[in-house]
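Here's the letter readout for the chains.
There are 2 protein chains.
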Amino acid sequence: MAAGEFDLIDRIRARTVARDDVVLGIGDDAALLQPPAGMQLVVAMDTLNAGIHFPHDTAPADIGWKALAVNLSDLAAMGATPAWCTLSLSLSEPDAAWVDAFLNGFDALARQHAVALVGGDTTRGPLSVCVSMFGFVSPGRALRRAAARVGDDIWVSGTPGDAAAALAQWSAGGARDPVLRARLDRPTPRVTLGLRLSEVAHAAIDISDGLLADLAHVCRASNVRAEVDVDALPVSGALRAAVSDVETRRALQASGGDDYELCFAAPVAQRDAIFAAALDAHVPVTRIGRIVEGQGVVATSNGGPWMPVRTGWDHFAG
Amino acid sequence: MAAGEFDLIDRIRARTVARDDVVLGIGDDAALLQPPAGMQLVVAMDTLNAGIHFPHDTAPADIGWKALAVNLSDLAAMGATPAWCTLSLSLSEPDAAWVDAFLNGFDALARQHAVALVGGDTTRGPLSVCVSMFGFVSPGRALRRAAARVGDDIWVSGTPGDAAAALAQWSAGGARDPVLRARLDRPTPRVTLGLRLSEVAHAAIDISDGLLADLAHVCRASNVRAEVDVDALPVSGALRAAVSDVETRRALQASGGDDYELCFAAPVAQRDAIFAAALDAHVPVTRIGRIVEGQGVVATSNGGPWMPVRTGWDHFAG
Numbered sequence: 440m441a442a443g444e445f446d447l448i449d450r451i452r453a454r455t456v457a458r459d460d461v462v463l464g465i466g467d468d469a470a471l472l473q474p475p476a477g478m479q480l481v482v483a484m485d486t487l488n489a490g491i492h493f494p495h496d497t498a499p500a501d502i503g504w505k506a507l508a509v510n511l512s513d514l515a516a517m518g519a520t521p522a523w524c525t526l527s528l529s530l531s532e533p534d535a536a537w538v539d540a541f542l543n544g545f546d547a548l549a550r551q552h553a554v555a556l557v558g559g560d561t562t563r564g565p566l567s568v569c570v571s572m573f574g575f576v577s578p579g580r581a582l583r584r585a586a587a588r589v590g591d592d593i594w595v596s597g598t599p600g601d602a603a604a605a606l607a608q609w610s611a612g613g614a615r616d617p618v619l620r621a622r623l624d625r626p627t628p629r630v631t632l633g634l635r636l637s638e639v640a641h642a643a644i645d646i647s648d649g650l651l652a653d654l655a656h657v658c659r660a661s662n663v664r665a666e667v668d669v670d671a672l673p674v675s676g677a678l679r680a681a682v683s684d685v686e687t688r689r690a691l692q693a694s695g696g697d698d699y700e701l702c703f704a705a706p707v708a709q710r711d712a713i714f715a716a717a718l719d720a721h722v723p724v725t726r727i728g729r730i731v732e733g734q735g736v737v738a739t740s741n742g743g744p745w746m747p748v749r750t751g752w753d754h755f756a757g
Numbered sequence: 440m441a442a443g444e445f446d447l448i449d450r451i452r453a454r455t456v457a458r459d460d461v462v463l464g465i466g467d468d469a470a471l472l473q474p475p476a477g478m479q480l481v482v483a484m485d486t487l488n489a490g491i492h493f494p495h496d497t498a499p500a501d502i503g504w505k506a507l508a509v510n511l512s513d514l515a516a517m518g519a520t521p522a523w524c525t526l527s528l529s530l531s532e533p534d535a536a537w538v539d540a541f542l543n544g545f546d547a548l549a550r551q552h553a554v555a556l557v558g559g560d561t562t563r564g565p566l567s568v569c570v571s572m573f574g575f576v577s578p579g580r581a582l583r584r585a586a587a588r589v590g591d592d593i594w595v596s597g598t599p600g601d602a603a604a605a606l607a608q609w610s611a612g613g614a615r616d617p618v619l620r621a622r623l624d625r626p627t628p629r630v631t632l633g634l635r636l637s638e639v640a641h642a643a644i645d646i647s648d649g650l651l652a653d654l655a656h657v658c659r660a661s662n663v664r665a666e667v668d669v670d671a672l673p674v675s676g677a678l679r680a681a682v683s684d685v686e687t688r689r690a691l692q693a694s695g696g697d698d699y700e701l702c703f704a705a706p707v708a709q710r711d712a713i714f715a716a717a718l719d720a721h722v723p724v725t726r727i728g729r730i731v732e733g734q735g736v737v738a739t740s741n742g743g744p745w746m747p748v749r750t751g752w753d754h755f756a757g
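For the record, the sequence lines run as chains F and P. The numbers in this note's numbering rise by one with no breaks, and the one at position 11 of the first sequence is 450. The numbers in this note's numbering rise by one with no breaks, and the one at position 260 of the second sequence is 699.
Hints in this document: simulated from the structure, not taken from any laboratory. Every residue gets a Cβ at the ideal spot worked out from N, C-alpha and C, and that includes glycine. There's no promise every hint is true.
What the hints assert, rightly or not - Here are some, though not all, of the chain P residues that point toward chain F, as calculated from beta-carbon distances under 8 Å: (1) Val-462; (2) Gly-464; (3) Leu-471; (4) Asn-488; (5) Ala-516; (6) Ser-527.
Claimed, not checked - Away from chain F, derived, C-beta distances all over 12 Å, residues of chain P: (7) Ala-498; (8) Gly-579; (9) Ala-643; (10) Thr-725.
As the list claims (entries may be wrong) - Stretch by stretch, here's where chain F covers chain P in the computed footprint (C-beta under 8 Å, at least three residues): (11) 557-564; (12) 626-632; (13) 686-700.
Using the sequences and the accompanying hints, generate a full structural model.
Written as structure tokens, this is what we have:
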């Protein structure tokens, strides 16, 4: 069903979450927001392009979910509390039914985290979704990439590799596991875990490009080395069932992108607190290595060096 | 020249404006910013897609300028002080020379307004530029669309119609006036004027979709009617020289988009203050009508009703 730009905006506005700190939301030249006193503002922005960041056959509701999820994941990796977002939606034609389906996914996740959509635009162009996400953190509490310290444990949440396995299955055109596909299409941003970790961990990053590649960003920023025991990487039952070859599976776990789990560095003394945080956040966490002096990421298996099939996910090379 | 995503990010980071209120800029999962105490946060977001919002032959530097300008214009229309922005850049291939040229235009305007680029992403996809812009306004000072009052004068800055004339010349493929084309490619966001107007005007909007169409948004939000004297619309020398037919010219002035001038409503008692503000901001302003009781926008010429050839610019219809 064709619709004008303003019809689409009305549809979007009708479904947004209400918040007291939104002075003026969708419908003016810009939104007016009241940040809480004494807090730092945390801002992330990520775009999803059709065929690059999601397969062309992805359901509109899943695109809506994922566009918000990847941005919430960035805030989770800072240990921030999300509050508001803006959305820029480019569509090849103004299709009200498509937008309604998109909003079903977008709003479901927005409501989980009480995030208000306060502005943005809808426009004509190849299918693309850009979201900016805004939240807060107490000064000094953010989980920066540059704050890992020698002696820290390295942890990961969830079971990385699932999303990449779904993408590999989709590319191969064979059997497709719906559990894995759901991990690709509807990643769970670890917002609660990130909030709890801001009290006990040193550094964090979310896994969008692949565990080892993202961990390398932490090492570079912190001027440290990471030793990762590939044998310790948590594996989901779905991944184990879908990929029988151990080395292929490990490559997906270590280098597959799009999981939006958190990889974080924390003092050894905080192990109990981290398990308690994970319990509160309803997500498993696994200790996979440690921070040492040096540079780069070293992966080992059975005590020897290990190399994955591919080492990351560059959106210009992928 | 091909480059990886991280090379491009390094190029972008190297050129951003420094500000004391940027706690952590480009390079982590999200930016950390320190909003000024007691101020409201103003947030806008606009996307430019190739072939929709700018002709395919637009110079990269002009695309960079315009992507920032249209967002600064949104803040100007709120009477806000700009501070920070984020940039999501989708490119069909990672071309470092293209990005450098783009940044030449983007940074030139960012430096004029001391706006720091604090985050975003670069990714693969059809050429598209999404910018989010953040600024501040004192509580109660924002120029809302809903605040026009019966009896107000209606004003416009600059000379609307120039950008639409350039687009018409480009579409026709004939003679092209470089002055008009510069108004299309390098619009001047009226930031200083907007700031000064926040002290004296009631309501404002920037002209992105066409003067009468954008003024209709103000009328709808304020529940008033606007009477516009088309004979009073300011016309540039370049437009007069390029378009000899009066009615065609008026249609461009009244309905052409992409000018990013401000249309605003202000009390009659503020006329002197508005001319003083315009003098400070180095932009002419013209009184073109008044706000009355009723609804909608009525355009007149020589005392009789007047209708333009087209009535607006919907990005899904344009």
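### Task
Grab the minimum C-beta distance from Asn-488(P) to chain F and call the hint holds if it beats 8 Å, violated otherwise.
Nearest chain F Cβ about 3 Å off; hint holds.
#### Entry: chain F contact restraint on Ser-527(P) - CB to CB distance below 8 Å
holds (4 Å)
### Interface restraint verdict for Val-462(P) against chain F (beta-carbon cut-off 8 Å)
Given a least distance of 6 Å, the restraint on Val-462(P) holds.
### Message
Three residues or more, CB to CB closer than 8 Å: is that satisfied between the stretch 686-700 of chain P and chain F?
### Response
violated (count 0)
### Query
Within the stretch 626-632 of chain P, is the number of residues with a Cβ closer than 8 Å to a Cβ of chain F three or more?
As far as the stretch 626-632 of chain P goes, the hint is violated, because 0 residues have Cβ atoms under 8 Å from chain F.
### Beyond 12 Å from every chain F Cβ - status for Ala-643(P)
Label violated. Min Cβ-Cβ 8 Å, cutoff 12 Å.
### Message
A closest beta-carbon separation below 8 Å is what the hint needs, so does Gly-464(P) meet it against chain F?
### Response
violated (10 Å)
#### Entry: Given as non-interface: Gly-579(P), partner chain F, CB spacing beyond 12 Å
violated (10 Å)
### Query
Close enough to count: is the Cβ of Ala-516(P) nearer than 8 Å to one in chain F?
Nearest chain F Cβ about 4 Å off; hint holds.
### Query
Per the CB criterion, is Leu-471(P) less than 8 Å away from chain F?
holds (5 Å)
### Query
Does Ala-498(P) really sit off the interface, with its C-beta more than 12 Å from all C-beta atoms of chain F?
holds (20 Å)
### Query
Does the no-contact call for Thr-725(P) survive, Cβ to all of chain F over 12 Å?
holds (20 Å)
When the structure is compared with the earlier hints, violations turn up for hints 2, 8, 9, 12, 13 and for no others.
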